[in-house]
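Relying on the hints, combine the two individually framed chains into one complex.
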Amino acid sequence: MQCFTLNRRQMLGGLAAGAGLSLLGPMGRASAAVSEIVWATWDSNGHPEYVAAFEKVTGTKVKLSFLSSEDAQFAALKTGSASDWDIVNPSLNGSWRYIKAKVLKPLDLSKIPNLAHMYDVFKTTDKVKGEDGATYAIPYLWGLNPIVYRSDIHTEEPTYSTLFDPKFKGQLAMRDYALESIAIAALHIGIPRERAFLLTSDELVEVKKALIAQKPLLRTYWQTIGDLTNLFATGEVTAAFSWRVPYDALKDKMKVAMAKPKAGIMGWCDCFGIPANLSDEKVEIAYKFADYLLGADYASTIADIGNYATTSSIIRDKLSHEKQEAIFVDDLSVMQNFMWPVAPDNYSEWLKVWNEVKAA
Amino acid sequence: MMVRQRHLALPVAAAIVAGCLAPLAVLVAFSFYEVEDFDLVPAFSFRAWGELAVSSTDWFLIGKAVLSGLSATVFTAILGYPVALALTRLATSGKGLAIIVLLTPLYTGEIVRIYAWRIVLGGEGLVNTLLQGLGVIDEPLKFLLFSPFTIGLVLTYNNLPYMVLAIWVSAEMVDRRLIEAARDLGARPVDAFFRVIFPLTTPGLAAGSLTVFALAAGEMLTPSLLGGTSGSTAMALVDNLFGTAFDWPLASALALALLATLFLVASAMAGLLLRFKGARAVMGRV
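If you read the protein sequences in the order shown, they are chains A and B. So the first sequence is numbered by the working numbering: it starts at 8 and just counts up by one. So the second sequence is numbered by the working numbering: it starts at 59 and just counts up by one.
Chain B extracted, bound-state conformation (with noise of 0.2 Å):
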């Protein structure tokens, strides 16, 4: 039976590993190319590899990624937990709604709440027209929208559901009688979160990190759109050389060290997260 269930899964697999390995292939191909009056001509040059490793601003900007990545991943982290724990202590009916909810800012297009956000956090805003009526503030805070704070805040709320989906589903499989067991024996609620809960749902953590990094580091179009001149991303730069640059080789070397470094960041993250021993005991042979 098992046997079969393999392979079931064998073409989809086969197909993920196709349609994921056949871009890359294309592209590493591409990165020794060179362009010749807008004739990609099959060579084997190292000149776009060797233009991207002295390029400063190539490599500020995969660092950037890497940042906007991981800092997505830390903050829905911690906004994530109290809501995820929250949601395993409804009931079904609740659970349902709740996770609606939850999902309803994904619902609408990203081009949509773009500007949603361009409307509640402008200089005649909501959030600054309400603090000058309150009178907290005399002008309006220009920081709030065109900024490294906007990145940051628009690219939390648009991944905080991913995040506490899979905290969320984590943290129902934790045997509750193991929280009860540490306040039993004297664990404080907030040692109970920690030498239980969380080793536990290490797995849901490791799973919502892994899925934001990746959505928050290859994010275009909001910061282009929300971070004013701070939006640069270097995957704006690999659209930038792929189309108005025309240089494919130069975009294709870029493309694949930003690839090559996301991915041994979130090995990193992987390999950090499931070393806890809560995540052993749920993954078993980790």
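Chain A on its own, in the form it takes in the complex (with noise of 0.2 Å):
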């Protein structure tokens, strides 16, 4: 049997290497670990509480940046003014111009293991890839996008064509956005749901018919959903089409609710995305943070807090009926009825008779 000896300076030198790597170790974690990520993103997005799990478990401060617009995120990112963002949320139907700016970095799935947990219509969706096949954003955070209406006034459910209807003139508005009004106006003269955003020149032409036909039956275009809750609060409007949030801050106020039209859901769906110009040394910790949001912490804090739906399954069926039903999971099959809003080709055609539309 072999005896263990240790001598007066073995011991001495054994407890120096030790220190050694007892200093080396939070060294090297110093060396890997990031203070502070800078995340831009909608203030809806990123409450404080949200992100206070992966800041507990990493040590890595995130510091919300909020943006003002996606076009603003675009602009800064393309024009280099937003250096310090170190994460940024491009839209699923605005991805491809990020792509196609070679703003984003593309990305390794494999270190993001909750991605096993989203829902399919996300997992398979090209919008984030581009012609080199790689990944470039991974959808994050989504909702509907309903007609929000004055259930005391409109006795039955609103449509798109509600929205067109003179029996309510100077009750209604529409977004300021080219985009979803122009769609939704397509689907007001009868174009197919898949072909909303294809629209050629001819259509086009219709659809401007249709949205200056509609002008004087608005009270206004609402800028901000900020802007569209005042308006159903002020009683101007009884019916627009709307993001879910004048419906949270009103139902206990007026009687108000959410309309799904059948004609089609237009759906929002936010992504995670990296600048093409972050350092290597926040890379990994941005990684960790795309796993956070596919994770059971943020889905848990922005359903209970914020009424959204992060883009995996993973709290589904632990949430209450209640709950799955007011962030729209109650029923998968919603999923079959998204329109993705998509910039199309002639999208420069659309701003145009959008602006005409406008002047008219």
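Bear in mind the hints are in silico, worked out from the structure with no lab data behind them. Being a predicted model, the structure only gives us computed values, none of them experimental. Built from N, CA and C at the ideal position, the CB exists for glycine as well. Among the clues, some could well be false.
[What the hints assert, rightly or not] Distance windows between CB atoms, simulated:
no., chain 1, residue 1, chain 2, residue 2, range
1, B, 65, A, 287, 22 to 30 Å
2, A, 118, B, 94, 32 to 40 Å
3, B, 81, A, 338, 52 to 60 Å
4, A, 63, B, 154, 50 to 58 Å
5, B, 68, A, 208, 50 to 58 Å
See below:
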């Protein structure tokens, strides 16, 4: 049997080595750890409490940089004025232009294990892929854009054609946004939903006529969701193509409801993206954050506080039916009716039409 | 001494010129660029200028900006004169207080003012509620909010302080003995105003007019949030072209065309106002 002996010199040497290793350990972590990452996102997606769990586990603080508009985000990335952003928030329908403009890094999906829990409709989308086949963005948060309406005034659930009905003249509002407003007018005049975002020039002429005819019926075009909530609260508007925010804000104060038109439900989806110029030392923590956005902590908190659903099914079965209903995951067949607003190739023509309608 | 004072002004003047000319030079250059796959490509292309030349929407909105600026100028001048002249008759302490009151609307942010106007002019707002309460109307007056009337009203209100201040400074410099002499010679108050006070205060009117015109013609937020479906502006279109459309050449060309048009109209206004005899007397070399 071999006897293990330790003399004083070996003992001191061992202690020194141990001390060195114990010092190197944290140093190693410190060199890899990042004290702060900046997440450019919408204020509704990035409350401090939504990211608290991530900060606790990783020790990395998430600094929130709220976006004013997606266009501003794109312009900032394109012109290089957003050099402090570490994670950005392209929309699913707008990802293509970030990819085409080469402002996002291609992603290594093996570093995001929670991708396994994503709903298929998001997992299989090609909208986040470049021509090279690489994935450049990860859908993480989604919802529906319903028609919000005053149920005490509209006794029947509104459809998109309600927004063109002279019976409600002066009580209606549309969003000041070419993509959705033109598509809604297209559905109203009978263009099938598969082609609502693929209009020809001739169809755009017809849509323009419908939108100009609609103008006298509208109280206004809403600019921000706070603006529209205010319009409902002050009685100026009784039905509008909307986001769900006015419903949540006003449901306890007045009779409001949400309609999901059968002609096609406009969906929205926000994505995670890494700016192309992000330094290597921050890339690892960015991947951890992507995984966090698809994990249980973020999904639970944002469902609880914000009434939003992530693209992951990870907590769905643990939610009450009421909560599932509130965040639109009670009936998953809704995902088959999504219309994803995607800017078409002739989008400049759409914008021209929209500007002509507003100036008419 | 005068030479030294001019030297002192040079750095500031240079900064102003550089701050004005540099962005303009960039806009001119961009207006000849092309956009390819979201990249601005230096080129000597007339595509943007060609599109602008034939776009009735763009020129309509430029004309609308001019009209908006002119109407705000006229309304603030009509409303501003009595206020400015009344200010000259206050005691010094009263003038200080009156100026603070006059500027009070400017201390609040534009968004706050906009939402306040909605509360005042809305269908369930103060004015409609009052009129209905008094039995003057049965149904709310919808045109009060989200109409061209609203835009005109709010632009006039927002810009009134600038006009009043400019006229007031000018009116303070009018020798009151001239007014008294006019009255002694038999001029009615209205004649004294049009033949003595108005000509001698035209430099102030010109300064106020140019300020109000520039601010009102370039306003985007008020028409957008209070003008309803008639709230489109050339500035909003420029914003749209720079942002959503990423068509920086066309946005630059439109911005330059708008600027040139407003500059021409403002120059014509200044030339017209400073042709008055009184203005020449005050300004000396005009």
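Assuming the hint says 32 to 40 Å, is it satisfied by the Cβ distance from residue 118 of chain A to residue 94 of chain B or not?
holds (33 Å)
CB of residue 63 of chain A to CB of residue 154 of chain B, is that within 50 to 58 Å?
56 Å Cβ-Cβ, so the 50 to 58 Å window holds.
Does the beta carbon distance between residue 81 of chain B and residue 338 of chain A stay inside 52 to 60 Å, or does it fall outside?
holds (53 Å)
CB-CB spacing for residue 287 of chain A and residue 65 of chain B relative to the 22 to 30 Å hint:
violated (52 Å)
May I ask you to test the hint 50 to 58 Å on the CB atoms belonging to residue 68 of chain B and residue 208 of chain A?
holds (56 Å)
The structure is inconsistent with hint 1 alone, although it conforms to all the rest.
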